[in-house]
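There are 4 protein chains.
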Amino acid sequence: DRPLLVIAGPCQLEGTDHALMIASQMAEACKAAGAQFVFKGSFDKANRTSMAGKRGLGIDEGLKVMQTVKDQIGCPVLTDIHTADQCATVAEVCDIMQIPAFLCRQTDLLLAAGETGAVINVKKGQFLAPWDMPNVVAKIESTGNTRIMLTERGASFGYNTLVADMRSLPTMAKTGYPVVMDATHSVQQPGGQGGSSGGQREFAPVLARAAVSLGIAAVFIETHEDPDSAPSDGPNMIPLDQMPALVKSLMAFDALAKADPLRV
Amino acid sequence: DRPLLVIAGPCQLEGTDHALMIASQMAEACKAAGAQFVFKGSFDKANRTSMAGKRGLGIDEGLKVMQTVKDQIGCPVLTDIHTADQCATVAEVCDIMQIPAFLCRQTDLLLAAGETGAVINVKKGQFLAPWDMPNVVAKIESTGNTRIMLTERGASFGYNTLVADMRSLPTMAKTGYPVVMDATHSVQQPGGQGGSSGGQREFAPVLARAAVSLGIAAVFIETHEDPDSAPSDGPNMIPLDQMPALVKSLMAFDALAKADPLRV
Amino acid sequence: DRPLLVIAGPCQLEGTDHALMIASQMAEACKAAGAQFVFKGSFDKANRTSMAGKRGLGIDEGLKVMQTVKDQIGCPVLTDIHTADQCATVAEVCDIMQIPAFLCRQTDLLLAAGETGAVINVKKGQFLAPWDMPNVVAKIESTGNTRIMLTERGASFGYNTLVADMRSLPTMAKTGYPVVMDATHSVQQPGGQGGSSGGQREFAPVLARAAVSLGIAAVFIETHEDPDSAPSDGPNMIPLDQMPALVKSLMAFDALAKADPLRV
Amino acid sequence: DRPLLVIAGPCQLEGTDHALMIASQMAEACKAAGAQFVFKGSFDKANRTSMAGKRGLGIDEGLKVMQTVKDQIGCPVLTDIHTADQCATVAEVCDIMQIPAFLCRQTDLLLAAGETGAVINVKKGQFLAPWDMPNVVAKIESTGNTRIMLTERGASFGYNTLVADMRSLPTMAKTGYPVVMDATHSVQQPGGQGGSSGGQREFAPVLARAAVSLGIAAVFIETHEDPDSAPSDGPNMIPLDQMPALVKSLMAFDALAKADPLRV
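Chains as they are written, first to last, in my numbering: chain A, 1 to 264; chain B, 265 to 528; chain C, 529 to 792; chain D, 793 to 1056.
These aren't lab readings, by the way, just hints derived from the structure by calculation.
Don't take each hint at face value.
[To be verified] Here are the simulated EDC-like cross-link-like pairs (lysine to aspartate or glutamate), alpha carbons at most 16 Å apart as the crow flies: (1) B:LYS512 x C:ASP788; (2) B:LYS318 x A:ASP108; (3) C:LYS702 x B:ASP372; (4) A:LYS248 x D:GLU994; (5) D:LYS1040 x A:ASP260; (6) D:LYS846 x C:GLU730; (7) A:LYS174 x D:ASP1052; (8) A:LYS54 x B:GLU466; (9) A:LYS45 x B:GLU466; (10) D:LYS966 x A:GLU202; (11) C:LYS582 x D:GLU994; (12) D:LYS837 x C:ASP636; (13) B:LYS438 x C:ASP788.
[Claimed, not checked] Over 12 Å on every C-beta distance to chain B, these chain A residues come out as not near it, computed from the model: (14) LEU20; (15) GLU28; (16) ALA46; (17) ARG105; (18) GLY117; (19) ASP132; (20) GLU141; (21) THR146; (22) ALA173; (23) GLY192; (24) SER197; (25) GLU225; (26) ALA230; (27) PRO231; (28) PRO235.
No residue lacks a Cβ here, since even glycine has one placed at the ideal position from N, Cα and C.
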C-alpha cells in the first residue's frame, strides 16, 4: 500500500496568492512527512445554508487559480462539481473531480463526471448507508471509468449533528476503491448556527487519526490560516499552522496501519 | 382555512392513458370527498438507487402528458425538477414545481425555480432540521416569489430508515407557508432492497392521518393501480382502489382539525 | 372500542393536597369530556439527570397520597416502580404499575411486577424498536398476567433529542394490548439543560392529537399548575389550566378515530 | 500513561474450568504483548432480549468462579451488577464493578456501588450524550469514591443499530477518569435477530483499533472459544484464538498513541 494521501486546502478558493500560500505550505508539510498531497479548493459553494453565505470565485476564475497551483506547486488538484455541464470544463484542469454528498445519487452528474475520465471522488451522502455505495460506484463504472474514490463525511444523527461511523471505511473499501476520511466535514454541525453551519474543529484530528489507523488511502482536511475569518466552513477547519504536526502524526499511524492491515 | 389539498399520482409518468386514468379517478375521489386535487407525476427519476431503475418518459414526452391531464381533467399539475435549466420549460406547463429533498439546498435550482413565478414545493431534505427551512425559503423569496409550499418526507434515522417527526409540521408552518405531509416517501426504506428502495406501504395512511389531524394544508400520496409492478417506489405507494376511502377518511380529520386549530 | 383513557398527574408527588387538587381538576375535566381518567404520580425519581434533582416523597409517604386520591377522587391510580422488591407493596395501593423506559428489559422487575396481578404499563425504551416489545410482553405474560399496556415515549434521535415515531403505535398494537402515547416525555430533551432535562412543552398537544387520531387506547400527560416551578420535568409538562380544553379536543379526535379504525 | 488495559472474558460465566481456560489464555496473551489484563464475566444476564435467553450461573456460583480466577490466575476481575443490594456482596470478590448501560442513570445503584469503594466502571447508556456523563460521575463521587471508569458501548442509531462515536472518548476523558472502549457491544444489533440480539463481530477489531489510537486507557472485548455456541452475545464476540494477535496489534497502536497524545 502506498503512503497516505492528504487532500487539503481551504473550503473555498479566495484568490491565486491565497491558494498558492496554502498549497505551498501543505506541499512542504506533506513532503517532510512522506505523505502524498492533493490541493483542494472550491470555485462555487452551491448549497450554502443561507443566501448570506459567499458563493466563491466562480468557475472561470476558480479554474485559473487551480491551473496556477498545478503549475507552480506541481501537485494534483481537486475541486467539487455541481452540474453535469460543468464536468468537461473542470476536467481540463482538475485531476480529481468531487461529487458533493447531497448529490451522490444524481445519476446524470455521476455519468457526466465519469465520462471525463478524471478521477471521481464521491462523498457518501449523510442519508446513505455505506453498503449502498456500490450502486453509486456502478453508475460511474458504466461510463468505463474506474478511477473512483469514496469518502466518508458523516451520517445524519438527529438534527444539526453528524456522526462518523468507522465501520463505513472498511465497508466502502470492499468495493476495491480507495477510501477517504473527510475529517473536517464530519465534525460539521449542519445549520447549527441558524444562518450557517457550526462545527467542532477540535474533533477533526480525532476522527482523522482513528480513520488513518484503519489503513485508509486518504484523509481530506480543510485548512485555513485564520479559520474564524474564512468565508465558509470556518468552524470545522484546522488552522494551517497546525497542519505540519498533524500530517506528521498521521503518517506514523498510517505506517503502522499499513504494516498491519485489518481484515474485515 | 381551506379544505385539504390532495397531491396524488403515480411516482413516475408511464404514458398519457395511464396518467389520465389515475388523474380521473383521483379527481373524482377528491370531488366526492370535498378535497382539492393536484395531479403529480415525474418525467425523470434523476436519483434512482441504481442504474437498473427506470428513469421515465423524459421532459418532452412528460410535459405533453401533463398538459393533456390539465386539459382533460381540469386539475393543476405538479412535477419535480432536477436542474436549473429545466425550470422555465417545466413552468410553461406545470402549476407547481417540486424541489427534490436531496436538492433542497442547491441555491441555483431554488433561484431558477423561484424566478418562474410558479408555485414551488420544497421537500425538506432527510438531513435537514425543520427549523432550518427558513433559510431555504429565503432563497426562493429572494426572487420575489412567495408562492411556496414546504413538505415533510421523513428524516434519516440510522441507515436505510426514515422517521416522520410530527413536530416538523407546525415548525415549518411558522414560516407562514402551507405545509404538506408526504405520506408515501416518509415510509420509504432508502436503499433497503439492495438495488432499490424498500417501503412500508401499510404505514402511509397512518402518517397521513396523524399529519392531517394537525391541520396541515396538503397531503402528498403516490398511488398506482398495481404498485408491485410500478417502475419506481412501488413498495410505498398506495393501491389506487384504496384512495377514495382514504381521502374520505382524511377529510373527516381535516374538517375536525381546521375547526380546532393547534397553537404551537 | 372504549373512549380514550387519560393518564395524567404531576411528574412527582408533592403532597396530599397538591395531588388531590390536580386529581380533582383532571377528574372533572375528563368527566366533562367523556374520557376515562387515571391519576399518575411518582413517589421516587430514581434516575434523575443529576444528584441535584429532587427524588420525591418516598414510597411510604407516596403510597399514602395515592391511597387518599383513590379514596377521595374515586379514580384508579398509577405509579412507576424501580426495583423488584417494591412491586408487592406498591400493588397494594396502585391499580397500574409502570415500568420506566430505561428498565423495560430488566427481567426480574418485569416478572415481579407481573406477579402482583396489577395492570403493568411498560414504557418502550428510547433504545428499543417497537417490534421488539413482544419480547418484553412475553416476560410479563410468563407470570400469567395479561393485564398489560405499552407506551411510546420517544426514541433516541441523536444526542439530547427524542423523536416520536407514529408507526410505533400500530406496531405495538399488533400485540393485542392497549397502546398509550406519552405526549409529555416524548418532547423531553434528555440532559438538554446540563444538570437536568429540557423539553418542548408546546409540542406535547401536537403529539397527543396525532397519536389519538390513530385510535390508541390512552394518552399519558404530565401536568402541573405551575410547570416552571415543578420539581421535575417542568419543561415538558402542560399547565393544568390548559388540560380541560386539551382533553375535550382530544376526545373529538378519539371519537372520530374509533369510528374509523385504521387497519395496519 | 500506563500501557493499555485489556478487559476481556466471556459474556456470561459458564463454569470454573471455562473461566480459567479463557482467563489463562488471555493473561498469557496480554503478558506477551505488554498489556494489563482484567478478567470479565457476568453472573447474571438481567436484561436478556427475551425469556428464552439463558440468565447465567447466579451470584453465589458466579462469585465463586471469580474468586477462583483471581486466586489461580492472579488478575483483577470485573463483573456487572444490577441491583443496589448486590453491591456489597460482589465487592467482596470483584475489583471492578460495572454499571450496565441501561442502568447508568439509576441513582441508588450508582450510590450503592460507589459506597463499596471498589472501582466502578459505568457504561454510557445508548440513550446518553457523552457530555452528560459528568452528572453520572458526580453521583458516584458523592459517596467519596473516585475510582471511576467510563465506557463507550455505542449510541442508538435508528432501530436495532448502534454507532460508536469516536468523539465520545475524548469527551468523556475530560472528566479526568480513564475511558474504555467496549468494542464488542458497540457492534451489537440490539434485538436484531427477533428473540435475541445480532452483531457484527467483524467490526469489533476495527472499533478497538480506532479507539486505541486515540490513547484511551482500556479496551473491553468479549471473547469465547466458540462464539456461535456461546449462551449470549455470540454474534459480537471475538474468537479466543484471534485474541493474542489482536492484543499484540492493539499494543502497537497504544504505544504510538501514548507517545503522541491528542489534545482536545
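Exercise for review: Could you tell me which of the hints above the structure violates, numbers in ascending order?
Suggested key: Going through the list in order, the structure violates hints 3, 4, 6, 7, 8, 9, 11, 13, 16, 17, 19, 20, 23 and 24 and respects the others.
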